[in-house]
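J.: Quick note, the sequences are listed as chains G and C, same order.
The working numbering numbers the first residue of the first sequence as 1 and each following residue consecutively.
The working numbering numbers the first residue of the second sequence as 1 and each following residue consecutively.
Take these hints with a grain of salt, some might be off.
It does not matter which identical chain is meant; a pair holds if it fits inside one copy or across any two.
Straight-line C-alpha distance at most 20 Å; calculated SDA-like pairs for lysine to any residue [as the list claims (entries may be wrong)]:
#, residue 1, residue 2
1, K803, R745
2, K709, P211
3, K575, G781
4, K475, E641
5, K13, V662
6, K304, K813
7, K503, L61
8, K288, E161
9, K709, G781
10, K55, P223
I should point out that these hints are in silico values taken from the structure, not numbers from a laboratory.
Small disclaimer: the values here were computed from a predicted structure and weren't measured.
There are 2 protein chains.
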Amino acid sequence: MAKRVYLFNEGSKDDRQLLGGKGANLCEMTNLGLPVPFGFIVTTPTCNDFFDQGKNLPDGLMDECRNALKIVEDKMGAQFGNPDNPLLFSVRSGAPISMPGMMNTILNLGLNDEIAEGMAKKTNNPRFAYDSYRRFIQMFADVVLEVDNDKFEEALDSYKESKGYKFDVDMQADDWKALVKTYKTLVDFPTDPFVQLELAIKAVFESWFTPRAGVYREMNRIPDTLGTAVNIQSMVFGNFGDDSGSGVCFTRNPSNGDNIFYGEFLTNAAGEDVVAGTRTPEPIENMKTTMPQMYEELYAIQDKLEKHYRDMQDMEFTIQESRLYILQTRSGKRTGRAAVKTAVDMVAEGLIDEKEALMRVEPGHIDAFLHPMIDPNATRDVIAKGLPASPGGATGHIVYSADEAVEVAETGKSVILVRRETTPEDIHGMKVAAGILTELGGMTSHAAVVARGMGVCAITGCDEIKLDYAAGTMKAGGKTYKRGDVITLDGSTGEVMEGDIPKVEASGSEDFQTLLGWADKYRRLKIRANAETPEDAGKARELGAEGIGLCRTEHMFFDSSRIDVIRSMILSETKEERQTHLDKLFEFQKEDMKALFKTMEGFEVTIRLLDPPLHEFLPHNDDEISALSGRIGMSADKIKEQVTSLHEFNPMLGFRGCRLAVVYPEITRMQAQAIITAAIELQEEGLNVIPEIMIPLVVTVREIRMIAKNIDESIKEVLQKKGVSITYRIGTMIETPRASLTAHRIAPEVEFMSFGTNDLTQMTFGFSRDDIGKFLPDYLGHKILDVDPFVSVDPYGVGRLVKMTIEDSSQKKAGLKFGICGEHGGDPHSIQFFHDAGLNYVSCSPFRVPVARVAAAQANLRSTN
Amino acid sequence: MAKRVYLFNEGSKDDRQLLGGKGANLCEMTNLGLPVPFGFIVTTPTCNDFFDQGKNLPDGLMDECRNALKIVEDKMGAQFGNPDNPLLFSVRSGAPISMPGMMNTILNLGLNDEIAEGMAKKTNNPRFAYDSYRRFIQMFADVVLEVDNDKFEEALDSYKESKGYKFDVDMQADDWKALVKTYKTLVDFPTDPFVQLELAIKAVFESWFTPRAGVYREMNRIPDTLGTAVNIQSMVFGNFGDDSGSGVCFTRNPSNGDNIFYGEFLTNAAGEDVVAGTRTPEPIENMKTTMPQMYEELYAIQDKLEKHYRDMQDMEFTIQESRLYILQTRSGKRTGRAAVKTAVDMVAEGLIDEKEALMRVEPGHIDAFLHPMIDPNATRDVIAKGLPASPGGATGHIVYSADEAVEVAETGKSVILVRRETTPEDIHGMKVAAGILTELGGMTSHAAVVARGMGVCAITGCDEIKLDYAAGTMKAGGKTYKRGDVITLDGSTGEVMEGDIPKVEASGSEDFQTLLGWADKYRRLKIRANAETPEDAGKARELGAEGIGLCRTEHMFFDSSRIDVIRSMILSETKEERQTHLDKLFEFQKEDMKALFKTMEGFEVTIRLLDPPLHEFLPHNDDEISALSGRIGMSADKIKEQVTSLHEFNPMLGFRGCRLAVVYPEITRMQAQAIITAAIELQEEGLNVIPEIMIPLVVTVREIRMIAKNIDESIKEVLQKKGVSITYRIGTMIETPRASLTAHRIAPEVEFMSFGTNDLTQMTFGFSRDDIGKFLPDYLGHKILDVDPFVSVDPYGVGRLVKMTIEDSSQKKAGLKFGICGEHGGDPHSIQFFHDAGLNYVSCSPFRVPVARVAAAQANLRSTN
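Based on the provided sequences and hints, a complete structural model is requested.
T.: This is the structure:
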């Protein structure tokens, strides 16, 4: 029969599978010779046996426990169940993979009336003994016997009331003793410590199948058969007197990464008191004077642990009667700056190699180097919460329109643009805003995409605010905010705060550059950026982009100098009239493309043909229509008629993408000729320009055949006129399920395929990204979805289409290039998926490029390790 | 070397592959001993050789032709190229599969100056000879030499002008002769008849690769390697004098199917004159007196041909100098009534069996028995054309709103409801209308779906009409139509006509029932109907439906007595308030379900949970909102606020389907309890009720788990309270690509899957069915799509998802039932696809049930033959 019980000196950190994560770590520390309160572990296979045998502990298990207990008693010099010298235990679950949502801890197991009395005598501290006893009863009742915890709280409250006490600290030894009596009328708990232990072990096993734990496992695809271990550890107490205490410490500063021992400490206090915040802990350095020997021991241990685990450690310790115990060690949580500094420092110190350093940094940590962040130590007065659409922190005066934003910004004030949603017509206001807040829209709404592109902090889908444009007010958190009121946004968490909250300014660092250099060394995926302007492209290139994966040509037309020309083109009543306006647009487009090509010299630039429904370019309210009417000399009624006739019930599924190129081949012709003329003019200056023309929203290969023919012929005309030649490529977006399902037919006709996973997600789920806010919270709350599928790519539906596309296409055409240019291109989870699926590149907002570089390296390291 | 040239007596109808369809038929008739003008055929493989050899005719081919020519000359008693006794030929292409879009015919091949002169002498009819000659030059120049035809037309026009002629009939022999001179200055054509023949053969082969022919082959997946044959047939002339003539005849009456010889005839006329309509032909019976012998011969031949081909024949004949020639025979086009009568009669006559009779009827033919149809012989004044959304013909007075429709209908007048589009709020008007015409919307728009369900004629997406609600007018065909003006709709063709056009009333017939009986005998697919009301369900059952495949529960709430209750439910501000309204809805829903179950006793009834976005139930204009405010006692501002907050950018991808059931489980609970209570109450009366509850718009199995649990628990509560048990099933719709892509995970949790191919098509293509009108005409025009994918299911994209779903699911759960309840359920092409894909049933509008029965039988016969 397999061994079911392991002492802390019988395992190591490599035994996670058998002993669970927590147990394995306790063993590891014990082996290192650290002063860990001794104990033992019941193995994870025992959990399976327990369920196989109809929730009965296997024969002989408790005997094994008794044997282990004896050894623990010897080590600790105290006995379980002995009133004269009692040993108490904590009992905790511990699965091979950390699983929040499982059983709570039971502390002080092994107490009954007699032993509590004995402990009171031995410690000469009856208040401590009876407080511990009543806590044990309450925990055991709650966790093991499933008795409603409220009854105990009510009993405590009514006792204090009867005595006129206000706080728990008013309770004296006799008070706790009296309360224990009341508690015992509320629950019938076993007084035999061994029975307590047996029931506690069973309760831990049973917690493996609570609904919460089940949902968590399903979400994280953890098999039910893994099972949990049970950790039984001797109790030590920091609240024995002034030679006792508890503390938490870090091997380095978790805020900035400085390699300085850092922590907090409370004399005569239990571990929970340090966390609870009822007393203010003192800095760990104070121990140097108050407990110099303890400090020296602790310092040596932290040093040893960091070297051993080769990572910054977050430790909990307790000092009981001048003896130091280490209760837990784990990798310390850290800020972005600290994560990068620690990782790079540790490589220099020879603790870890570059690959490991890369794996240590969470891609989100990178944001701290790109955007100002809300000071992690600042107090936050949160008035509403929305979606963290674009990271960073910003403070400013509220404005409710783009024009207002420009007006106020010109006075030198910082502004926060608050809108129900944004449209391309708001761009001028978004450009000058310090932050953007919208009531509607998801993580890939217009506001979110544009803000990320600009690197401006934004919160979208914040339906906790109620906007009233007419009144010029916003309601949030029960208050009304007017124009000019100051608010702060945290775009990394989605929190909206009142007033000006302190921020930590962004700044690159040498460490940051070092880390990104390593990322480039270890990644396989190429990283491109989504950008149209030379400014954005320049930023992207500076941040490491290796090309443009998506240039949205329509963005170039929203500029105030061009918008009326494209409007006139749309409103044209004859082909000839349309051509006049197209000729003007040709000049704009050509100059824009030249600027972009120049910035990205030597890199591929993928240009998407006109994509949005035409009505997006037209004004919709009467004032704007009549203004336009005056400017372009067309009657307002005619404009209105066109606006009405272009109206769509579901614009996302409407007349857009390459459908425009089919109906208006002259627009495509203009675009192709502008792109290629720009490229030729630069080539003549000796620049290396690589244009890739991309056809959007394809559903059938026949669209590509027709449009590619038009592109080729239009370009040929230019080349023949100029008597030159140039290399260009034609590719397609895969953003409708049908394009993916018929990719084997499309493949022979294109040179690259770029997944537009925003639209692909919209159509695969039937989720409009602008409307998802109405039900997404319920979907996440009920765990129907683990994550917003517009944030991280859905691996089962959308992902299956991506994999099918690559597989089917590659069989028809070797060497086809695959990329992705949806918002998922900047999401680390998605980048892992795209790496595994075999894509060649991802393309994302300029400010996501460094994140993508790190995520791509991690994906590659994960899959090659 | 293979034989390349076949005389008409060397092949048969089984030689389509080698000789093309036309050639094989000419051989067949020749073999039958019918008087076919003799000739020969160049085979289809020769076409491939021609292209393989760089567009050169294979060596020896023209020698083979000369040999064949000699035999033809002998048979015809005239010689090719002999001025004294000239033989002329027609040259035509003929592929194995009929291919419109290929080369035009060349008539009178073999003429030059000398031969024309000889023909003038021999026939003593120089006008005829020179007219034939100039026609030949023009045809040859156009088809073989690719000279612009306009030049010849211009020359003719200016000649007539110079002479002061108005019509071609004014041209005399000398005129034609003079014109020929002019023609010869326009084109340099070969005068050697053999060279003419060689060039004509080459031209036929070259026409195989014209772009039009290429597109047609691609559309119909005809391989390029098939090739075309060339038919070279002796010319005969019906315009030789009063002992000559031409005619067209049918072996039975193609209008009503009566087994009576039927046709038209013109004395002294060429075949094209009968078709051209410049002279009015006389009935074929007149030949009995004018040409009794010819009539007798013709009658015998038609009888022989029908028995031989075992189908009604459509024949062309020419009489030259009292000799009868048969130029062509083919299956005759016929009306629906004639098709059914002919098929059933021919079984009785022993000509064909039941299976063949079924294959002879086009499913669309069935409509004639269900709807009044526009008289096929009536003159049509078409003022606009839209989509043929619901078949049949209707005449009525124009109204522009549902209320107006009711008002006018109450006066006893027939009305045509004309709307931009319809919504559920228009139902009362649609119910009383004789026909429905909408400016917007596709074949599956609200108007189309509801009209088909009601069996009311409808035309949708008719953007050739311009509505002006304010003025109460409609512009079409350059005219303006007011309220009360009379128009006629042909819902089978999409034509809108001015005035009252005669109709043929619908009526079932014994033949019709006989045919449907055979259909039921030979089909495998079950046919269900989409219906909610007992009236619709009753109609469906009467027409042969074997269950309800889709009961849209929301339709039950649009009734004026319920609409305010569901509105109040939606507008509820607390759960308690909502429950009060749900309790009222429960009663309505229960009674409705009872009525439906009763009608469909013994059959399965599939009930879909509430599906549409909630804003569809709410009023949108100020008047309606304030009226509602008064009725339900809620402030108009509050209602408006809710309407605004429920507004969606893309409602098709919004908060609808089972997303409602996730956010408002209490609605599902009410529906489940109403359904099951209705079933129990009928079961207690001894009725056999089989409810199937269907969850719409699923994207993940987790939705089903949550909702099915709610349904099961809600039902259990009812069953326990009543102490009874009942069988019910829970299933899902597959209408998002993601449901299909993850069907293997969904399968274990459901008992049936029903494809919602409307939504599946919308999402797979990214086509909003309401907006597709803006680009669909271009897509069909450019042959990017062969057919509107909302009319016939797309076999490559949507179809691949359907097949994947069935394959993946069946591996996880045996015996799962698959159906389809989108509009494709009533489309014959789609039914073939669904049969082949292995579905168990299709569900369609009641009036499509007979069509579906026939289509299902045909699908089965096709796949088992």
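J.: Now look at each hint and say whether the structure bears it out.
T.: Results for each hint:
1. K803 with R745: The answer is both: 16 Å in one copy and 18 Å across copies each meet 20 Å.
2. K709 with P211: Between copies, since 14 Å is at most 20 Å while 58 Å is not.
3. K575 with G781: between (53 Å within a copy, 18 Å between copies)
4. K475 with E641: The answer is between: 15 Å across copies meets 20 Å, while 37 Å in one copy does not.
5. K13 with V662: Neither. Shortest intra-copy (63 Å) and inter-copy (43 Å) distances fail the 20 Å Cα cut-off.
6. K304 with K813: Neither. Shortest intra-copy (56 Å) and inter-copy (57 Å) distances fail the 20 Å Cα cut-off.
7. K503 with L61: Classified as neither; 56 Å inside a copy, 91 Å across copies.
8. K288 with E161: neither (43 Å within a copy, 122 Å between copies)
9. K709 with G781: Between. Shortest inter-copy distance 17 Å satisfies the 20 Å Cα cut-off; intra-copy 50 Å does not.
10. K55 with P223: Close inside one copy (19 Å), not across copies (68 Å); limit 20 Å.
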